[in-house]
Structures are given as structure tokens and as C-alpha cells.
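Student: What follows is each chain in one-letter form.
Number of protein chains: 2
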Amino acid sequence: MKKIINKTEDIVSEMIAGLVKTNPKLVKQIEGTTAVVRNDVKFSQTKQVGVVSGGGSGHEPLHAGYVGDGMLSAAVAGEVFTSPTPDQIYEAIKAVDQGLGVLLIVKNYSGDVMNFDMAKEMAEADDIKIETIVVDDDISVENSEFTQGKRGVAGTVLVEKIVGAAARSGMNLADLAALGQKVIDNTKTIGIALQAATVPAVGHPSFELKDDEVEYGIGIHNERGYSVEKIKPSKELAHQLIEKIIQEFSDQTGKFVVLVNGMGGTPLMEQYIFANDVLNELADKKIQVAFSKVGNKVTSLDMQGVSLTIMKAEDSWIDMLEEPVNTIGW
Amino acid sequence: MKKIINKTEDIVSEMIAGLVKTNPKLVKQIEGTTAVVRNDVKFSQTKQVGVVSGGGSGHEPLHAGYVGDGMLSAAVAGEVFTSPTPDQIYEAIKAVDQGLGVLLIVKNYSGDVMNFDMAKEMAEADDIKIETIVVDDDISVENSEFTQGKRGVAGTVLVEKIVGAAARSGMNLADLAALGQKVIDNTKTIGIALQAATVPAVGHPSFELKDDEVEYGIGIHNERGYSVEKIKPSKELAHQLIEKIIQEFSDQTGKFVVLVNGMGGTPLMEQYIFANDVLNELADKKIQVAFSKVGNKVTSLDMQGVSLTIMKAEDSWIDMLEEPVNTIGW
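Protein chains in written order, with the numbering used here: chain A, 1 to 330; chain B, 1 to 330.
There's no promise every hint is true.
Which copy? The list can't say, so a pair holds if one copy fits it or any two copies do.
As the list claims (entries may be wrong) - In silico SDA-like pairs for lysine to any residue, Cα to Cα no more than 20 Å straight-line:
| no. | residue 1 | residue 2 |
| --- | --- | --- |
| 1 | K255 | E236 |
| 2 | K2 | H204 |
| 3 | K129 | D117 |
| 4 | K25 | A283 |
| 5 | K7 | E79 |
No lab work stands behind these hints: they were computed from the structure. Since the model is a prediction, treat every value here as computed from it, not as a measurement.
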């Protein structure tokens, strides 16, 4: 394994230090934690419901890269592929609550769900109002190594963007939670890997794929998917994923959103080629794409591959996705 | 080789199609070319000097990802690692000239310099005023496989940002060219690779490094560097590059800019760890960093590695780097 790191036990703290040092006007670190909170001028001047997310590290720019005006108020980083601790989540909640309550956006992994729930109880004991939404957009498998139900993957960034825009516009906590849940219910993702990620503490890819193989339905922590097949041209990969995702939507009229997400080790060039094939096929199917995004948004260390997210969107969600934000990663 | 592509000969046209389809409000394709031009509302309403860049593909988001208000007016994409043709560059020039002339930003490769020069002659025959600046920020080697003199690498994105901001503010063509040249003269870069890039038409990495080796001074087209050594902790890699770059600046007072650039296959996590080490060492040396940036900005397909760019900056350049822009990749 070759990686640009120092000691494996310092990876997360040094990463967060680097992120904060290179973006001092945007974010600051909450003392004694690996959580970051908004540090822009507007943050202290405008009251809104706080929006906090977090999870294991290794998915950057998720979540710290989405902290900023119009998106997250704070993000909590756990160790690599490991849930953040309840006390750190609790500190982030306290740092962003302005009396209007805090919405927690949690990806559906057992550890995350448990730790965010404990932090919620700690905050509620302080009379901070908390609502939680759990993202489970990955339709490739039911249950998984670290999950009851479906996994939360790249669709999370779309949830964070829409909820963040709504929170900035003044929406109250209960309505935000309801909006977030509705977005989650309409967001569906499948990922494919050409090569698994190398977790630094492990030192080699967590599973092996042959030189001509691609795995369908992988998770963002090297969870295995639903099949291994020979790699095909991008057009055919796009076709296979679209066929599987689109049957999740009983009504294919109205507006849709597409996110082509790079897993970390796949160049932007290939992501755009894949996005071109996705949009061509959706156009052939008369499915209207009103907003789309391409890039390394929710990664899995150096995994090679992409994921495809399709969301059935209300008009107001498109507006919220298009609103400018001030973040590192959107 | 596993890549998410269709036919190798269609890579660039399909990539540009994907980029344009997913960003229709921002950019449009110039018919019959793989060049893109600003498509935002402001573009047709405000007169400014046009700023055009381009080069071989495989370095995304450079250059098309930097087209937008406050940065490039247009970008021309050649085939993978291959200069764009003069006729395509000429079409881009014509698409952006508003009567105030056009500045060409060229990376210092023989093919690029020649083809941009031919396009300049074609445009001048149409009475379009043209100035050219040539970026040669890579201090690792003199001359190279495709270069007379030094190579143009990641510092290009800083030049494009500063010149783009100045052009938006109304600076005239001659002053823009002088500003750009001054920025180039104060911008120094070295890159390291843990693994070479795989060019799709070749099918394997262009050179081999052992499991514990890193190569110093590589270019963005798999050009070899100045030494191969055992890989070291990030702190020591940062130290070695800083020592070599900083001696280029006789005066180490004043403000500096740092860009930690990912080469395409290295996760953001490692880039932030490396950035942390760079900023710590510069702070120890009492070198004042007034602006910094981290990310996959000027890539080399799936190359694993990073580059470090340090610029000695005037106050006004810092302001221009901080100005908001509307682009895919900044």
C-alpha cells in the first residue's frame, strides 16, 4: 500500500486540520473534536434550524466539505469507515443550535443510527429540539454488512443540499424533517466498482476483482454488491443501472434529478462519459432531467467506480438544488 | 485496463457532451468542435476581454471546468494528452471576442504553443487583437519529452483564476497579458507520483513504480521526473518539496498562495493530510500563506499523487483568488 499519510491513527485528525487550515473563513474545528462548524460571517447573524450530518471518514468531500451557508451547519467526522462518537455529535449540535432546533441527517448504518440517537438524547436533556432523518437511498441490496435495511450512499448529498437550502430559507424543524424524508423516499442509487478501496489500516483492497470485472451494487465501505460481471462499454453499464433504478418509480412523468458520483479513484473524464450515456438513455425514455451533477461527491477512499442516483423531484426541490452555496465540495 | 468508456476514439467528444449536458446554463459546445464557451446570462450582456485556454484532455476539470463568469470565456479540448487543433482554438477565439481582444493562456508544451500560435495568426487576419501567455510553473526539470523549457502544470489554474477575475473587472488586453506573465513568474510547482496514469489508447500505466516507490518531478502527461525514492511519511514528502520550491523565491516575506493538487487517483483525504503538513512547515518557516486551495484541479487521468504549487502573491491577487466564480471546477 502506498498512501500520502503519516501514522494511520492520525489520519482523521490531520485531514480535518488540513481542511480547516485551508478554509479558515468557511469552517472552524470544534475544540477537542474532529467536527467542523460554519465559520462564515452570516452564521452568527442569521437564525435558522441547525443542520448536522456526519459519519465515518473516507467519503470526502462528504460531510465536512458540505458545511457552509445554504447546506450543513456542522459535520462530524468519525474514524475511517467508523461512526463518529455520540459526544462529538452532541458538541456539534450544541455549536449550531440557535433555539430553533437541529435536524440530524444520518446515513443508514447501524453504528451511525445508534450514535446519532444517543447524541439526540443528550441534546434533548438540554432542551434542544431534535429531529432525525435516515438516508437509505441504495436500492442494490436489502440489509448489508453494517446495515439493517438499505444503505445510505451518494443520494445523501442531494438530501443535504435540499434540506440545507430550506433551512436557510427559514423552514421550521418539523417541516424540514418531513421535507427531508420525502426527498429520501424519492432518491434511489446503485454503485459499481472496478476496484475496491484500500483502507489504510488494512493495506490492500478489501476484495479483489479481475482485470475485466466490475461489481454491481457495492456500498461505500467496500460492502459487496449483487453481482460480478465482465466490464462492458459505458453505454451498457448506464443502461443496466437505469433499468434497475427506474423501476423504483411508478410514475415516470414530472421532473427528475441525476447525480453521477465518482467513487474516488475514477477520473472525471470517465464520469462525464458515463453521465453522457445516462442522459442520452433517459432522453430516449422521455424522462425529463431538470438538474444533474457530476463529480467525486460521496467517495470511498480510492475505490474505482461510479454510482448513479436518480431522484423524482418536485419543482421547489430543483430550485433548492440550483441555489448557490458557499461550501468546499458542492 | 478497466475504464468506464465506450470507444477510445470517442472519449473526448463524449466527455464534452456529458459536461455540456449536465451544465447547460453554464456552458455550451461550439458546433463542430470539442470547445466549450460560456452560456450564462451575463456573458452576452457585459463586454470584457475574452480569456481562452485549452490543451490536451485528461486533466479535468482543467480547462472546460473553469469556464464561467470570473474565469475562462472558453476552453478548447484536444484528444487525450494531445494539443487541440488551430481551427478549434480559432473558433473559440471568435466565439468570445467582443471587440476588446482575447488573451490566450497556453501551457508550455511544444504542440500547444505551436497550435495556439497558428490560431492567433488566423484570428489576427480577422483583426481580432490577441495576446498570449505561456505557463511554465513546473520547476522540477528543464526541458522534457514534449517541452522546450519548463512544463506548464497545476499553477495554470491559479493563473486562469487571477486573469479571469481581472478580465471581469474590465482590465484591458495588454495589462491582462502583463498581469498573467507576472503571476506565472511567481508561481512554482513540483509533482510526485505514486502510480503513473493509464492512457486509454495505451492500456497500462506509462511507467512502473514499485510498491514502495514515489517519483519526484513527474509531469501531467506521465513525463518522468528527477528521482525515484522510497515513499516517506507525508510530512517528509512535504518537507522535500517545500525545500526545493522555496529556494526559487529570493524574497520570502509578503504573502504566499498554496495549491495542493490531486493528480486524479489520490483521495481528497490524503490531499488534506499533505496540505496540513505543508501549511505546518510553512508556518514554522514564518512564511505567510494568505490563500490556499486543495483538490483535483489539474489532473493526469488516474495518476496517483499530488503536486504542490507555491506562489508569491501581491495583495490584489489574493482578492482576485477569493472572488466568487461560477464554474464547475474552481
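Student: Confirm or reject each hint.
Tutor: Evaluated hints:
no., hint, in the structure
1, K255 - E236, "neither (24 Å within a copy, 51 Å between copies)"
2, K2 - H204, "both (10 Å within a copy, 19 Å between copies)"
3, K129 - D117, "within (13 Å within a copy, 64 Å between copies)"
4, K25 - A283, "between (41 Å within a copy, 18 Å between copies)"
5, K7 - E79, "within (13 Å within a copy, 40 Å between copies)"
Hint violations for this structure: number 1 only, all remaining hints satisfied.
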